[in-house]
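Engineer: What follows is each chain in one-letter form.
2 protein chains.
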Amino acid sequence: MAKMTPRTLSGFMELLPAPQQQMERIMETLRRTYALYGFTPLDTPVIESSEVLLAKGGGETEKQIYRFTKGDADLSLRFDLTVPLAKYVALHYNDLSFPFRRYQIGKVYRGERAQRGRFREFYQADIDIIGDGKLSILNEAEIPAIIYRTFSALGLRRFQIRVNNRKILNGFYAMMGLTERSGDIMRTVDKLDKIGAEKVGALLVADCGLTHDQADEILKFIAISGSNETVLSALEGYRGRNEVFDQGLTELATVVRYLADFGVPAEHFAVDLTIARGLDYYTGTVYETTLLDHPEIGSVCSGGRYDNLAEYYTDRQLPGVGISIGLTRLFYVLGEQGMLNPDLPTAPADVLILPMTEDLSAAISLATLLRDNGIRAQLHWEEKKFKQKISYADKLSIPYVIFLGEDEIAAGVVACKDMATGEQTKLEPAATVYHIKAGLAEREKGAVILG
Amino acid sequence: MAKMTPRTLSGFMELLPAPQQQMERIMETLRRTYALYGFTPLDTPVIESSEVLLAKGGGETEKQIYRFTKGDADLSLRFDLTVPLAKYVALHYNDLSFPFRRYQIGKVYRGERAQRGRFREFYQADIDIIGDGKLSILNEAEIPAIIYRTFSALGLRRFQIRVNNRKILNGFYAMMGLTERSGDIMRTVDKLDKIGAEKVGALLVADCGLTHDQADEILKFIAISGSNETVLSALEGYRGRNEVFDQGLTELATVVRYLADFGVPAEHFAVDLTIARGLDYYTGTVYETTLLDHPEIGSVCSGGRYDNLAEYYTDRQLPGVGISIGLTRLFYVLGEQGMLNPDLPTAPADVLILPMTEDLSAAISLATLLRDNGIRAQLHWEEKKFKQKISYADKLSIPYVIFLGEDEIAAGVVACKDMATGEQTKLEPAATVYHIKAGLAEREKGAVILG
Chain A
267 MAKMTPRTLS GFMELLPAPQ QQMERIMETL RRTYALYGFT PLDTPVIESS
317 EVLLAKGGGE TEKQIYRFTK GDADLSLRFD LTVPLAKYVA LHYNDLSFPF
367 RRYQIGKVYR GERAQRGRFR EFYQADIDII GDGKLSILNE AEIPAIIYRT
417 FSALGLRRFQ IRVNNRKILN GFYAMMGLTE RSGDIMRTVD KLDKIGAEKV
467 GALLVADCGL THDQADEILK FIAISGSNET VLSALEGYRG RNEVFDQGLT
517 ELATVVRYLA DFGVPAEHFA VDLTIARGLD YYTGTVYETT LLDHPEIGSV
567 CSGGRYDNLA EYYTDRQLPG VGISIGLTRL FYVLGEQGML NPDLPTAPAD
617 VLILPMTEDL SAAISLATLL RDNGIRAQLH WEEKKFKQKI SYADKLSIPY
667 VIFLGEDEIA AGVVACKDMA TGEQTKLEPA ATVYHIKAGL AEREKGAVIL
717 G
Chain B
267 MAKMTPRTLS GFMELLPAPQ QQMERIMETL RRTYALYGFT PLDTPVIESS
317 EVLLAKGGGE TEKQIYRFTK GDADLSLRFD LTVPLAKYVA LHYNDLSFPF
367 RRYQIGKVYR GERAQRGRFR EFYQADIDII GDGKLSILNE AEIPAIIYRT
417 FSALGLRRFQ IRVNNRKILN GFYAMMGLTE RSGDIMRTVD KLDKIGAEKV
467 GALLVADCGL THDQADEILK FIAISGSNET VLSALEGYRG RNEVFDQGLT
517 ELATVVRYLA DFGVPAEHFA VDLTIARGLD YYTGTVYETT LLDHPEIGSV
567 CSGGRYDNLA EYYTDRQLPG VGISIGLTRL FYVLGEQGML NPDLPTAPAD
617 VLILPMTEDL SAAISLATLL RDNGIRAQLH WEEKKFKQKI SYADKLSIPY
667 VIFLGEDEIA AGVVACKDMA TGEQTKLEPA ATVYHIKAGL AEREKGAVIL
717 G
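One line per chain: the protein sequences are A and B, in this order. The first sequence: position 282 = 548 (this note's numbering), numbered continuously. The second sequence: position 357 = 623 (this note's numbering), numbered continuously.
Some hints could be false.
Note that identical chains are pooled: a pair holds if it fits in a single copy or bridges any two copies.
Said to hold, decoys possible - Cross-link-like lysine to any residue pairs, in silico, SDA-like; alpha carbons within 25 Å at most:
{"no.": "1", "residue 1": "Lys692", "residue 2": "Glu708"}
{"no.": "2", "residue 1": "Lys655", "residue 2": "Glu517"}
{"no.": "3", "residue 1": "Lys651", "residue 2": "Leu281"}
{"no.": "4", "residue 1": "Lys322", "residue 2": "Asn574"}
{"no.": "5", "residue 1": "Lys336", "residue 2": "Thr271"}
{"no.": "6", "residue 1": "Lys711", "residue 2": "Glu294"}
{"no.": "7", "residue 1": "Lys329", "residue 2": "Thr274"}
{"no.": "8", "residue 1": "Lys400", "residue 2": "Asp361"}
{"no.": "9", "residue 1": "Lys650", "residue 2": "Leu610"}
{"no.": "10", "residue 1": "Lys655", "residue 2": "Lys683"}
{"no.": "11", "residue 1": "Lys651", "residue 2": "Asn574"}
{"no.": "12", "residue 1": "Lys336", "residue 2": "Phe278"}
{"no.": "13", "residue 1": "Lys457", "residue 2": "Ala489"}
{"no.": "14", "residue 1": "Lys336", "residue 2": "Leu275"}
{"no.": "15", "residue 1": "Lys336", "residue 2": "Gly372"}
{"no.": "16", "residue 1": "Lys336", "residue 2": "Asn607"}
{"no.": "17", "residue 1": "Lys465", "residue 2": "Ala489"}
{"no.": "18", "residue 1": "Lys329", "residue 2": "Ala339"}
{"no.": "19", "residue 1": "Lys703", "residue 2": "Ala419"}
{"no.": "20", "residue 1": "Lys703", "residue 2": "Asn639"}
{"no.": "21", "residue 1": "Lys683", "residue 2": "Pro608"}
{"no.": "22", "residue 1": "Lys457", "residue 2": "Gly475"}
{"no.": "23", "residue 1": "Lys269", "residue 2": "Asp361"}
{"no.": "24", "residue 1": "Lys653", "residue 2": "Ala681"}
{"no.": "25", "residue 1": "Lys653", "residue 2": "Glu689"}
{"no.": "26", "residue 1": "Lys661", "residue 2": "Asp309"}
{"no.": "27", "residue 1": "Lys486", "residue 2": "Pro561"}
{"no.": "28", "residue 1": "Lys269", "residue 2": "Arg333"}
Note that these hints are calculated values from the structure, not bench results.
All chains should be modelled from the sequences, with the hints used to inform the complete structure.
Structural biologist: Structural data, given as structure tokens:
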């Protein structure tokens with residue numbers, strides 16, 4: 267028969283078993299951590315009606331959308347988890363209690379140009395807090411704590427949560443009389459990291475039509491840096507000139523104020539006036555998270571406050587705050603950088619049992635006992651040589667191999683080999699369970715990412 | 267602004283938060299149980315190239331497939347998890363160790379006619395064991411143990427795993443000289459439950475062209491029932507007339523023999539000679555699992571042994587055995603039947619903290635302490651009346667509410683109300699953690715399904 271050469275589409279991540287185990291650990295850590303803050307898991311369809319999904323219309327992403335017809339239905343694959351959330355909240359409004367906190371970890375689809383590290387199918391891991399009409403600034407203050415706990419639980423150490431407030435930016439440009447040009451200005455300022463302050467200043471004059479004084483004023487403003495207290499104190503110097511600015515500054519001060527109570531160490535947090543995060547959607551606090559040793563990756567967890575989640579579906583005012591982790595890309599980058607902990611177990615089983623007798627009853631009963639105690643056990647009963655079975659355990663990094671022969675069965679003991687140390691024990695089944703569980707607990711001690 | 271009425275496509279399950287929590291519990295139980303048997307989690311793309319996905323071609327499902335073009339690529343959404351597994355194993359053959367055990371819980375897509383309880387997007391939860399060239403019958407013997415442990419862990423009690431062996435059927439029809447008509451015969455026999463033995467006998471004569479004697483012989487054969495020993499002993503009466511039959515009988519006897527060692531109680535298992543599970547794919551043991559009190563649902567976990575997983579992609583012989591749970595449909599049916607345990611927590615948080623002071627430091631520190639101890643805590647800091655906040659906890663079934671006022675802060679205690687009993691404690695923070703954890707453990711004791 268003619269064979270079809272199997273392949274996986276370019277831009278679609280398909281992991282081998284060991285890295286998949288690492289990915290599962292990351293997802294489990296996200297689920298557990300998000301849940302600690304009262305976020306409930308949601309799952310929405312991958313396919314939505316195009317007119318619903320694209321109600322907002324236009325935009326950069328529309329060309330990238332996987333859109334097709336089935337029968338007479340015009341369908342699209344979701345390209346983020348925010349639009350489905352807006353639909354969900356508008357649709358199920360009467361069945362939800364607000365503030366509504368949800369997390370969702372799911373695949374989204376964007377037909378981007380295929381290139382290394384860019385994915386067309388990728389996981390996003392989102393949390394959002396949605397209010398009904400109003401939403402306290404304290405939710406914005408809590409977000410850095412969630413990012414901090416999440417990244418710490420994953421094992422990351424050298425990261426920084428950068429925070430700004432759109433009201434401060436909007437208010438600042440308003441007090442300079444530059445509200446109408448603020449979009450262009452922010453796009454130019456965004457190049458600061460790449461081209462430096464001098465060139466940004468020149469562009470502000472040449473492209474945005476500012477005076478040299480205005481450009482200098484902006485450069486001076488965005489250069490404000492230092493400790494949280496230093497930055498806040500410098501910003502206080504601008505207070506009283508614009509109401510929106512003042513409000514933003516008060517919000518930022520609130521976010522900073524509760525950091526310590528939330529357990530966020532100061533070195534993991536910085537007010538950064540250069541962060542804007544797009545132009546339309548966000549209206550208050552905005553967040554970016556960078557890995558200090560890998561600034562080239564850009565932000566790995568971003569988001570912010572918005573005033574109107576579902577304006578395309580409902581007249582209700584539904585303000586919210588949320589953050590998103592681009593999980594597939596993050597996982598890819600961590601792998602590339604060698605930051606995935608190779609010491610955590612990735613084996614499909616904790617124990618491989620090699621029955622050495624024709625009658626398998628004793629081996630099967632032992633496997634059942636191990637499983638009853640939460641130990642992942644596989645019986646190797648294929649017709650293979652002993653050496654091949656050991657090599658199987660080796661290749662899969664299965665930590666323990668148990669040999670069960672006539673002698674052991676007669677003596678009521680189990681011969682168990684620790685594959686890492688070579689140490690072999692001969693203990694009763696219950697003691698073997700204890701021995702293995704202690705060893706596994708030790709092996710599980712690290713975090714999945716080497717921070 | 268004109269609003270788009272939000273809606274979710276018909277045939278797509280979108281759960282409210284409480285049932286979603288139940289669904290998450292079921293998935294977590296499946297993941298944990300499958301892992302105990304050495305299955306490793308896999309995740310493959312939802313989208314595949316059509317020529318790869320449809321290499322097998324034709325078939326009932328092809329009309330139902332979501333197929334579309336993007337750029338010049340002809341793409342399809344996966345309609346099961348078996349074809350992607352075949353592709354995966356053929357593609358990554360050199361990186362895998364055999365026997366290869368994987369589980370996958372993922373969404374698949376079939377554009378079926380929309381009707382109540384039929385889904386176009388639905389989860390399948392599959393396990394498969396793939397051998398390289400050969401695969402021991404013992405894997406087939408282990409499958410009932412996996413089904414039993416999985417269903418028991420979910421809380422089901424009244425279910426039965428029904429097992430047959432295709433070689434017994436094929437061998438039986440061969441010894442009757444009816445091999446060429448076996449397809450028609452099995453399709454007719456499949457109606458036994460619906461129309462009864464008499465009518466099946468008549469159809470065998472009228473439609474399949476059998477003699478009355480042949481029809482009687484078949485009816486006598488498939489009527490063999492009783493305890494496993496009774497059935498096996500009756501089948502022994504046919505031994506020696508056909509090699510394939512004899513092999514199938516030996517395999518079936520092996521499957522039955524190790525049941526007790528695997529911990530499967532006899533009442534959860536039955537040899538059932540009427541089970542065939544399709545005509546081409548399966549070659550050995552076949553499985554169906556029925557809920558005894560809901561036979562109308564049909565099989566909720568089915569599968570079997572096959573000899574050639576990836577014949578469309580590779581010349582390698584890759585035999586396997588697998589089972590699949592149609593999770594979305596099962597969840598739907600369980601909900602309809604009132605079989606989802608309403609007593610297990612579905613709240614987004616374990617504790618709702620109501621700060622009663624302007625300064626939130628103490629409340630936030632307490633929430634941080636609770637979270638450090640694995641307790642899901644939400645702070646309610648919105649500007650709402652006390653009564654509204656209590657009602658929020660009530661509606662979401664949050665089990666504990668903590669009040670933290672000046673007095674409690676000064677005294678170093680926490681006022682904590684058990685919302686179910688109304689009992690209120692005033693304890694130090696550490697004692698409150700202990701109190702809540704004990705209460706939560708009690709609440710978590712049941713299983714997710716009422717069996």
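Engineer: All hints are to be evaluated individually against the structure, with a verdict given for each.
Structural biologist: Comparing the hints with the structure gives:
| no. | hint | in the structure |
| --- | --- | --- |
| 1 | Lys692 with Glu708 | within (20 Å within a copy, 37 Å between copies) |
| 2 | Lys655 with Glu517 | between (62 Å within a copy, 24 Å between copies) |
| 3 | Lys651 with Leu281 | neither (30 Å within a copy, 50 Å between copies) |
| 4 | Lys322 with Asn574 | within (12 Å within a copy, 48 Å between copies) |
| 5 | Lys336 with Thr271 | between (28 Å within a copy, 21 Å between copies) |
| 6 | Lys711 with Glu294 | both (15 Å within a copy, 22 Å between copies) |
| 7 | Lys329 with Thr274 | both (23 Å within a copy, 23 Å between copies) |
| 8 | Lys400 with Asp361 | within (18 Å within a copy, 54 Å between copies) |
| 9 | Lys650 with Leu610 | neither (29 Å within a copy, 46 Å between copies) |
| 10 | Lys655 with Lys683 | within (13 Å within a copy, 57 Å between copies) |
| 11 | Lys651 with Asn574 | between (66 Å within a copy, 24 Å between copies) |
| 12 | Lys336 with Phe278 | both (23 Å within a copy, 14 Å between copies) |
| 13 | Lys457 with Ala489 | within (13 Å within a copy, 79 Å between copies) |
| 14 | Lys336 with Leu275 | both (22 Å within a copy, 12 Å between copies) |
| 15 | Lys336 with Gly372 | both (23 Å within a copy, 21 Å between copies) |
| 16 | Lys336 with Asn607 | neither (44 Å within a copy, 37 Å between copies) |
| 17 | Lys465 with Ala489 | within (14 Å within a copy, 88 Å between copies) |
| 18 | Lys329 with Ala339 | both (19 Å within a copy, 15 Å between copies) |
| 19 | Lys703 with Ala419 | both (22 Å within a copy, 21 Å between copies) |
| 20 | Lys703 with Asn639 | both (9 Å within a copy, 22 Å between copies) |
| 21 | Lys683 with Pro608 | within (21 Å within a copy, 45 Å between copies) |
| 22 | Lys457 with Gly475 | within (17 Å within a copy, 82 Å between copies) |
| 23 | Lys269 with Asp361 | between (52 Å within a copy, 20 Å between copies) |
| 24 | Lys653 with Ala681 | within (17 Å within a copy, 63 Å between copies) |
| 25 | Lys653 with Glu689 | within (18 Å within a copy, 62 Å between copies) |
| 26 | Lys661 with Asp309 | between (36 Å within a copy, 21 Å between copies) |
| 27 | Lys486 with Pro561 | within (23 Å within a copy, 75 Å between copies) |
| 28 | Lys269 with Arg333 | between (30 Å within a copy, 22 Å between copies) |
Consistency with the previously given hints fails for numbers 3, 9, 16, ordered from lowest to highest.
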